[in-house]
Amino acid sequence: MDLHLKIWRQKDKQSEGKLVNYDLKGLNSHMSFLEMLDTLNEKLIVEGDEPVEFDHDCREGICGQCGMMINGIAHGPLKNTTTCQLHLRSFKDGETILIEPFRAEAFPVKKDLKVDRSAFDRIISSGGFVSVNTGQAPDATAIPVTHQTAEEAFDSAACIGCGACVATCKNGSAALFTSAKISHMALLPQGKEERNKRVLDMVSQMDTELFGHCSNTEACEVECPQGISVLNIARMNFEYNRALFFNKKGG
Amino acid sequence: MILDSKIPQGPLEQKWAYYKKKAKLVNPANRKKLDVIVVGTGLAGSSIAASLGEMGYNVKAFCFQDSPRRAHSVAAQGGVNAAKNYKNDGDSVYRMFVDTLKGGDFRAREANVYRMAECSLNLIDQAVAQGVPFGREYGGYLNNRSFGGVQVSRTFYARGQTGQQLLLGAYQALMRQVGKGSVQLFSRHEMLDLVTIDGKARGIIVRNLDTGDIERHAAHTVILATGGYGKIYYLSTLAMGCNGSAIWRAHKKGALMASPSWIQVHPTSLPQSGDYQSKLTLMSESLRNDGRIWVPAKQDENRAPNDIPENERDYYLERRYPAFGNLAPRDISSRAAKERIDAGFGIGPLKNAVYLDFSKAIKEQGKDKIKEKYGNLFEMYLKITGYDAYKEPMMISPSAHFSMGGLWVDYELMTTVPGLFALGEANFADHGANRLGANSLLQASVDGYFIAPYTIANYLADEIHTGKISPDAPEFEQAENAVKNQIQDLMNIKGTKTVDYFHKTLGKLLYDYCGLARNEDGLKYAIQEIRKLKQEFYKDVRVSGQGNTMNAELEKAGRVADYFEIGELMCYDALTRNESCGAHFREEYQTPDGEAMRNDAEYQFISAWAWTGENGEPELVKEPLTFEEIQPTVRSYK
Ligand SMILES: Cc1cc2nc3c(=O)[nH]c(=O)nc-3n(C[C@H](O)[C@H](O)[C@H](O)COP(=O)(O)OP(=O)(O)OC[C@H]3O[C@@H](n4cnc5c(N)ncnc54)[C@H](O)[C@@H]3O)c2cc1C
Ligand code: SF4
Ligand code: FES
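Quick mapping for you: the protein sequence lines, in order, are chains C and E.
Per our numbering: the first sequence = residues 88 to 338.
Per our numbering: the second sequence = residues 612 to 1249.
Calculated lysine-lysine pairs in the PhoX-like style (CA-CA distance at most 25 angstroms, straight line):
no.: 1; chain 1: C; residue 1: K166; chain 2: E; residue 2: K994
no.: 2; chain 1: C; residue 1: K93; chain 2: C; residue 2: K166
no.: 3; chain 1: C; residue 1: K100; chain 2: C; residue 2: K257
no.: 4; chain 1: E; residue 1: K1105; chain 2: C; residue 2: K130
no.: 5; chain 1: E; residue 1: K1145; chain 2: E; residue 2: K1135
no.: 6; chain 1: E; residue 1: K1108; chain 2: C; residue 2: K112
no.: 7; chain 1: E; residue 1: K791; chain 2: C; residue 2: K279
no.: 8; chain 1: E; residue 1: K984; chain 2: C; residue 2: K166
no.: 9; chain 1: E; residue 1: K1150; chain 2: E; residue 2: K1105
no.: 10; chain 1: C; residue 1: K98; chain 2: E; residue 2: K1108
no.: 11; chain 1: E; residue 1: K1002; chain 2: E; residue 2: K971
no.: 12; chain 1: E; residue 1: K994; chain 2: C; residue 2: K112
no.: 13; chain 1: E; residue 1: K982; chain 2: C; residue 2: K166
no.: 14; chain 1: C; residue 1: K112; chain 2: E; residue 2: K1115
no.: 15; chain 1: C; residue 1: K130; chain 2: E; residue 2: K1150
no.: 16; chain 1: E; residue 1: K984; chain 2: E; residue 2: K994
no.: 17; chain 1: E; residue 1: K978; chain 2: C; residue 2: K166
no.: 18; chain 1: E; residue 1: K1002; chain 2: E; residue 2: K984
no.: 19; chain 1: E; residue 1: K644; chain 2: E; residue 2: K791
no.: 20; chain 1: E; residue 1: K1150; chain 2: E; residue 2: K1108
no.: 21; chain 1: E; residue 1: K1115; chain 2: C; residue 2: K130
no.: 22; chain 1: C; residue 1: K130; chain 2: E; residue 2: K1119
no.: 23; chain 1: E; residue 1: K1145; chain 2: C; residue 2: K130
no.: 24; chain 1: E; residue 1: K1167; chain 2: C; residue 2: K130
no.: 25; chain 1: E; residue 1: K791; chain 2: C; residue 2: K284
no.: 26; chain 1: E; residue 1: K1105; chain 2: C; residue 2: K98
no.: 27; chain 1: E; residue 1: K863; chain 2: E; residue 2: K1143
no.: 28; chain 1: C; residue 1: K98; chain 2: E; residue 2: K1095
no.: 29; chain 1: E; residue 1: K617; chain 2: E; residue 2: K632
no.: 30; chain 1: E; residue 1: K1150; chain 2: E; residue 2: K1119
no.: 31; chain 1: E; residue 1: K994; chain 2: E; residue 2: K962
no.: 32; chain 1: E; residue 1: K643; chain 2: E; residue 2: K632
no.: 33; chain 1: C; residue 1: K100; chain 2: E; residue 2: K1167
no.: 34; chain 1: E; residue 1: K994; chain 2: E; residue 2: K980
no.: 35; chain 1: E; residue 1: K1002; chain 2: C; residue 2: K166
no.: 36; chain 1: E; residue 1: K1108; chain 2: C; residue 2: K130
no.: 37; chain 1: E; residue 1: K1167; chain 2: C; residue 2: K98
no.: 38; chain 1: C; residue 1: K179; chain 2: E; residue 2: K994
Honestly, the hints are just simulated from the structure, not real lab data.
In this text, all values refer to a predicted model and were calculated from it rather than measured experimentally.
With the rest of the complex left out, here is chain C:
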């Protein structure tokens, strides 16, 4: 199949970027979207141009490193799919595809399609963990967790930290990402002890990082490759209010 690509090229953080047109012919529809970009890059290199920089690693939909806006949609048209798991069979022969980096104030562009998502790491380091030291944990099965709870916690824990939720949100909010971690921890007995401090610290870090506020448009859930539910955001709000309440009482 043939494709016309319009790709955002930006030399570095400081430079201005622009859309550049590229044509590719004779592609196989079984190719993944990133393999299509590899093909483009091979061609650019041989022709003496600079290849397009994009982030990726596992190419299995699990590391969360890939991600771009494809025709205005984070990770492209297929629901619950990362860019690396998107295949050309989702596009029409001869189609024009617009490819841009994830955009958000908290995710500055580094080069072409690569953005800086280290703000997510800082949110986790502000409280997204259980404070357990190495080597002294009690027997694992001594703390029963119901099947249902473990599965629910897993549903939240499955977030891959790709940032599609932020890129999709008109406010650039990180509420879905942050709430997924808060829910994961709040659901499990191990995470309960620190729940107040965790939610207050993580929400405050989210604000420091220049993420916008959640205004409940729910676009994030639609674009999330892991299908993380917006109910997590409701739980985060509940946990936050609860923490404020208990904190006032000094608990």
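Given chain C, put chain E with the ligands in place with the hints provided.
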């Protein structure tokens, strides 16, 4: 050179306890004075960095991804082993030790393997305490399942995303330390050289991948947890960035490289469909608990799988290995698939695959049950191939997956360079010639959480009076210049072929001559071809862009440059081992019915290789293996 494995004295079950009792300690007040570098933030790297940070050392952690959470460990699907015996099916540390040693074809050290099994108990506790949501029974207790090569259920899992959840646990522990300031994080930094001073590891040279800046980092000890080099085959189940550069550059600085040719080929990955393909996706081995593997009984079969009646199918694993059937170990299952494919029974458009069929399990257990167990894998299969595996069998094929070889380490996980440690897949220890499923996440984790914290402290206890290591030392300058020159050389070639072209060509050579099966002529041929390819690379590669900016092509070029040398060493290693064991199947050494023929009399040793210079032949150093607890037996899964 004589290799000292430093195995502690005493009976097997007490060796580790004895070591810990005797190991030197570092006073908490002194830990602040000691600097530690950890390269890699997968399970091994994150867990050691978090552990040492928590203990009070100054830790710097490096990874090439944009966040430590993306290390390759995140991709592991099936599960992690622990001899907890929660199922009451007779599991024990001893049984796990025997399974692992036997699974590795008696090419690992008894003491190491026993210790891994012993520490497996703690790992599950640690992970659960961190909030890893492992699968649970309805009563609230932990669930587990069975993996290839064993007859008990000792594999703990978090759906089909066990590696992800374990890594997130370790990553969160790491980020907790980063928040506290005990660990400094350097993501998007690639280690390009090891710095040694007076023979000891004292630091590293890294490239900041965002800016292209070359930086020096000094420390009292350097820990490499940089994962495996299986991506050398280009098509593999590994992430695109996986590479062998860190260990290889350490090798050139004196660290011996052990068993490089033992690369596990996984039986259940998706088959290659075209030349454009960049990787082969793994379908978890756990699928083999319910899926049956078969090929048509007739060659060049053209009917759709569902149109082939039961009596015209060959369930070759069940036929050849009745005791283990579809759960036969990876090396055996992969080879059996290759044998059928080579004999003309392969299926799929390129006739390079076999079927993995769930129809029986779906009939017996219902689609919902199968969906609950493996739903995400079926979805992944659908996304990648466009086929619905609930309706027709999956197509699977063997592909390069895991490197059992790596830097040689002693019982303390220290390499032959004092002060340089190697953890996780980057070292050669514990798996022998073949890794049992779900043992790798385990090894990477226990290395980092439970073993290295003791052994590194033992080393650092003698470093307290060394004082700060200065990055201005001439050794740093030399190493930095070498790195800069290499980058400049690569940029200056300005040839006509892309880096990927060379990587793909090398990968194909290795698949053909140093893959599932090897023979003397093929290996000799491959060595010559790799040398030619390497020469061509240095004449004709084209690395676009600049050396001093973000440049993914340059990153790849450096890694491929090392792959030529690693590939050559793999072939050397395979050539000198005149036997078949585990992942190493030498065609000359097989039984009349096509099974591997091990030669314990002559090859019961670990091959460790020393670097002898750019055009020198690698030098073989043998570490003999002795077995006191169990006597090597022929591995039979029949
Ligand atoms: C698809 C797949 C599925 C698997 N499933 C299972 C399973 O179910 N059970 C199981 O037990 N095992 C499984 N494995 C194997 C297991 O995942 C790995 O062996 C294990 O995770 C390795 O962990 P590690 O910490 O040693 O290395 P990795 O997780 O690979 O981490 C390597 C780290 O090193 C860094 N790094 C590398 N080179 C450099 C450099 N030069 N400079 C800076 N940083 C560098 C990387 O950035 C990364 O942080 C699977 C493997 C694959 C490929
Ligand atoms: S919540 Fe979904 S979209 Fe957001 S980072 Fe996590 S996986 Fe990506
Ligand atoms: S490359 Fe890892 S999720 Fe896409």
